[in-house]
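> Spelled out from the first residue to the last, the chains are:
Protein chains: 2
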Amino acid sequence: MFAAAERRLHTVTAEAYDEAIPDLRSALLSAHFKFRESPGSVLVVVSGADGAGKGELVHRLNEWLDPRGVETHAFWDFTDEEREHPAMWRYWRAMPGRGRVGILFGSWYTRPIICRVLKQQKRRSFEADLERIVTFERMLTDSGTRIVKLWLHLPKEHQRKRLKELEPLGRLGPDDWKHFKRYERFRDVSRQAMEHTHRPNAPWLIIDARDRRYRELSAGHALLAALRPPRGQRGGARSKATVKRDYAPGPARLETLDLSARLRKGAYERELKALQSRLSSLAWAAREVRHTTVLVFEGWDAGGKGSAIRRVTQAMDPRLYRVVGIAAPNDEERRHHYLWRFWRHVPRDGSFTIFDRSWYGRVLVERVEGFATMPEWDRSFGEINDFEAQLGAHGITVAKFWLHVSPEEQLRRFKERQRIAWKRHKITDEDWRNREKYPAYLEAVEEMLDRCSPPSAPWTLIAANDKRHARIAILRTLVERLEQALKL
Amino acid sequence: MFAAAERRLHTVTAEAYDEAIPDLRSALLSAHFKFRESPGSVLVVVSGADGAGKGELVHRLNEWLDPRGVETHAFWDFTDEEREHPAMWRYWRAMPGRGRVGILFGSWYTRPIICRVLKQQKRRSFEADLERIVTFERMLTDSGTRIVKLWLHLPKEHQRKRLKELEPLGRLGPDDWKHFKRYERFRDVSRQAMEHTHRPNAPWLIIDARDRRYRELSAGHALLAALRPPRGQRGGARSKATVKRDYAPGPARLETLDLSARLRKGAYERELKALQSRLSSLAWAAREVRHTTVLVFEGWDAGGKGSAIRRVTQAMDPRLYRVVGIAAPNDEERRHHYLWRFWRHVPRDGSFTIFDRSWYGRVLVERVEGFATMPEWDRSFGEINDFEAQLGAHGITVAKFWLHVSPEEQLRRFKERQRIAWKRHKITDEDWRNREKYPAYLEAVEEMLDRCSPPSAPWTLIAANDKRHARIAILRTLVERLEQALKL
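Line by line, the protein sequences give chains V and C. Going by numbering that gives the first Met the number 0, 166 is the number at position 167 of the first sequence; the sequence numbering is gapless. Going by numbering that gives the first Met the number 0, 179 is the number at position 180 of the second sequence; the sequence numbering is gapless.
Here chain V stands alone, though its shape is the one from the complex (with noise of 0.2 Å):
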């Protein structure tokens, strides 16, 4: 892969640059102008070898970008607080919104290439690395963003003399001598790693490093031309192409729900009170061993999300939890990708996080309503199993309820409302909108929990009819998945 870079020594005369210089910023600057209105976004991910020019060149592009619409972003080790979150947790926090440019000094790649340089992983889990990588490259290409990843390359005499140029400036890192002793092993790791991440979504750009007017120009034109896509690819956050869904329904979960579950009021205080009493001594030990539990509450309106999650949390001391409500997303969130929002709740650990609605949202009423077009809810299935995984490998205990009442149950809870003055809020027309709806959610609804229902974080379905009955399913459901996550 690096061939192409070392056979020849890439250079531009000063003369040859300095021509070059005005039409290529003011091409950048007005194809930067016009992007500010694009759907999507651009990431440069500027990396390569030691001493090869990133600093410089990320000072450079900046110089040539409008500052109002671009934002650098540089990786130093984790902190404490990026340890304590999943691990793309720190890049999630970086990107970039629609029509904004983000450059990134240290990425993705990085961890994983020195780990594996390092030996301190092995091989497989590397490989297992890089997926995840693609994984996360493609989710961001599909929903607009355009990722430019240059790899600044220096054959091994170049990078020894440039460490040796740079030393006396103090401008060395800690690790860069260090890191040059294994030059061969961390030339063959990149090479792996980019291979395996070559792809047409995402490809990656060598640029030979020897010459810095030649990698300038050569990062400048790569930027330049994700700016301003060619014709007929515009707008592809918003692809009209038909996309032919590759889904056949399962077999319907709801049905089988004995919606007639009751509990009486005495074997409900009981139980209450024992399954209350054991969640909070739970919620201090998983705080003990730093273990963290995110709770996700869906179900159909009037189902009675508000009043379950109150009785988990009147288990808890206000200091171990938190409930954050989903509403229509803020005029920042709609500028990022849609899962953006819920990184950023995403806790640190030792703590819980209860979602009062949640990223289901994009397959249910995103779907219904459309206001995400059929192949972006569609590939969400993908993106949420992905997220959730991502929780769980970080050792997060992921549980979903979907609390589940029949129409007619709902239709009461609804008049009710309308009765009862401070219930009245609580109803809206929105609500008898979405009733109307019923076929179209169910079969949204259905296809969510055939879909998202893996093994590290399945949905509980509530029967919900009786709301005792409901209370106590999710307060045994949360208690028996805490023992096992903290083996107790």
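Each hint should be verified, as a subset may be incorrect.
To be verified - With a Cα cut of at most 30 Å, we get these calculated DSS-like pairs of lysine-lysine:
no., chain 1, residue 1, chain 2, residue 2
1, C, K272, V, K160
2, V, K33, C, K425
3, V, K272, C, K163
4, C, K272, V, K414
5, V, K272, V, K425
6, V, K272, C, K155
7, C, K264, V, K163
Claimed, not checked - Residues from chain C shown here face chain V by an in silico Cβ test under 10 Å; the list is partial:
no., residue
8, F32
9, G54
10, D65
11, V69
12, A73
13, W75
14, F77
15, S106
16, R110
17, M315
18, D316
19, N329
20, D330
Stated by the list, open to error - Reference listing, derived: stretches of chain V covered by chain C, where coverage requires no fewer than 3 residues with Cβ under 8 Å from a Cβ of chain C:
no., region
21, 70–82
22, 307–315
Honestly, the hints are just simulated from the structure, not real lab data. The beta carbon of each residue, even a glycine, is placed where N, CA and C say it ideally should be.
Chain V is fixed; fit chain C onto it per the hints.
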């Protein structure tokens, strides 16, 4: 202060409670619903004795409000991340936006009181903390936030009883008995804190916490009163009352600047190289000791801020700094106090944050263009000084630069920008309009320089008619400030 709460046992019978609740709940909900359109927010601070039912009350208030308009924040011990920011940062993160209710379990009172009880801080430093709290709360209420400060009080014997009841349920925190042993000292220190911070704009409500029903109804009514301000006090955030300005202009400072200062190319390049090399070492040295620097760049349009900032960043590893460009606030930012969005960018220890425009927009563009009312921008001077003092108290170096160019030089640059292709985007109709308002801006700048120049965060006026001179002056000042701060 607690005598009234202890004088008699305040109780509410179950019947009276059951009768009062429906009215209270529907009044709360309807007031909360209307409050969504309010230009202010409500903060409920829940404090008081261990075992007095704070957590339970937090749950109850949540139950009574519309979950979509309320957020609860519980404060644990400071995390590493919080420790690496100025102390108030954690609370700024938790501030509710306009039209919302924030419930705080634990607050800025907790740490000063505990530290004083355990004699970890002297009386004088405790009083300084309280004074800072008064300033902070004044700032919040000035901007339309209503603060409900609840103190749940328990006489000693009742606290003992409560802790004994809670112990077998696993609901005691690790320090509860330890604190109980110091009951009298806790009571006295808390009383001092409350007496000092009991102000008309943010009074304390002490609630006899022995009876659950009594404390819940008391808190509920206090919250209701905050959600429903008495007639005539509506729209506190944008009060039309005439405020008398208490400011006599100081001597004009910009006039004293020698705008003819120039630097030849040869001397410039020599100095630039030397200063950048020094700055590079200093940036690494600062990282080493986790010293933080905040740089503020303000100045006339076309004053050369962008290119001056690049001369600073060129000298630094991209992982050591972050440039924050400040434009108009987004909708989330607009729903908060104007300082909120700057608090978001206050860096963690060990890095540089460079603000390209800043919080001074409040007393510059917002003042001149009328986006802020006179009382609003007039009180901002003090709020800004307080903000920077908090950065300073945390050990952060604050360096502020005003880039001054003559109107003639500005005109020359505007015209040049229109000529050169890649500079054209930099000049907008707004720039020309701002130019017409030169006298109003000049007055605003002079007042800002006069009122916001404490010794710990001085303005450095930069004669910027000559860009080379300006860049060297900035770099030299920065290097000097860093050498001083790092004692190098």
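> With reference to the structure, classify each hint as holding or not holding.
Verification of the supplied hints:
For the given pair, C/K272 sits about 21 Å from V/K160 by alpha-carbon distance, which is consistent with the 30 Å threshold. For the hint linking V/K33 to C/K425, the alpha-carbon distance of about 14 Å falls within 30 Å, and the restraint holds. Using a Cα cut-off of 30 Å, the hinted pair V/K272 and C/K163 holds, with the two alpha carbons roughly 18 Å apart. Taken as a hint, the C/K272 and V/K414 pair is broken in the structure, with Cα atoms around 76 Å apart against an allowance of 30 Å.
Restraint check for V/K272 and V/K425: the C-alpha separation of about 28 Å stays at or below 30 Å, so the hint holds. Among the hinted pairs, V/K272 with C/K155 is consistent with the structure: their alpha-carbon atoms are about 28 Å apart, no more than 30 Å. In summary, the hint linking C/K264 to V/K163 is supported, as the alpha carbons are separated by about 29 Å, within the 30 Å threshold. Taking 10 Å as the C-beta contact cut-off toward chain V, the hint placing C/F32 at the interface holds, the least distance being around 6 Å.
For C/G54, the shortest C-beta to C-beta distance to chain V is roughly 5 Å, which falls under 10 Å, so the interface hint holds. Contact between C/D65 and chain V, as hinted, is supported at the beta carbon level, the nearest pair being about 6 Å apart and thus within 10 Å. Among the interface hints, the one on C/V69 holds; its C-beta lies about 9 Å from the nearest C-beta in chain V, closer than the 10 Å criterion. A least Cβ separation of about 4 Å between C/A73 and chain V falls short of the 10 Å threshold, and the interface hint therefore holds.
Interface restraint check for C/W75: the shortest CB-CB distance to chain V comes to about 5 Å, inside 10 Å, so the restraint holds. Restraint check, C/F77 versus chain V: the minimum CB separation of about 13 Å is more than 10 Å; hint violated. With 10 Å as the threshold, the beta carbon of C/S106 stays out of range of chain V, its nearest partner Cβ sitting at about 13 Å, so the hint is violated. With a least beta-carbon distance of about 14 Å to chain V, the hint placing C/R110 at the interface is violated under the 10 Å criterion.
Checking C/M315 against chain V by beta carbon gives a least distance of about 9 Å; that is within 10 Å, so the hint holds. Annotation: interface hint on C/D316 holds; nearest CB of chain V at approximately 6 Å, less than 10 Å. A least Cβ separation of about 6 Å between C/N329 and chain V falls short of the 10 Å threshold, and the interface hint therefore holds. About 5 Å separates the beta-carbon of C/D330 from the nearest beta-carbon of chain V, less than 10 Å, and the hint is met.
For the region 70–82 of chain V, the stated coverage by chain C holds: 7 residues have a C-beta nearer than 8 Å to a C-beta of that chain, and at least 3 were required. Beta-carbon proximity to chain C at under 8 Å applies to 3 residues in the region 307–315 of chain V; the threshold of 3 is reached and the given coverage holds.
Of the numbered hints given earlier, the model fails hints 4, 14, 15, 16; all others are met.
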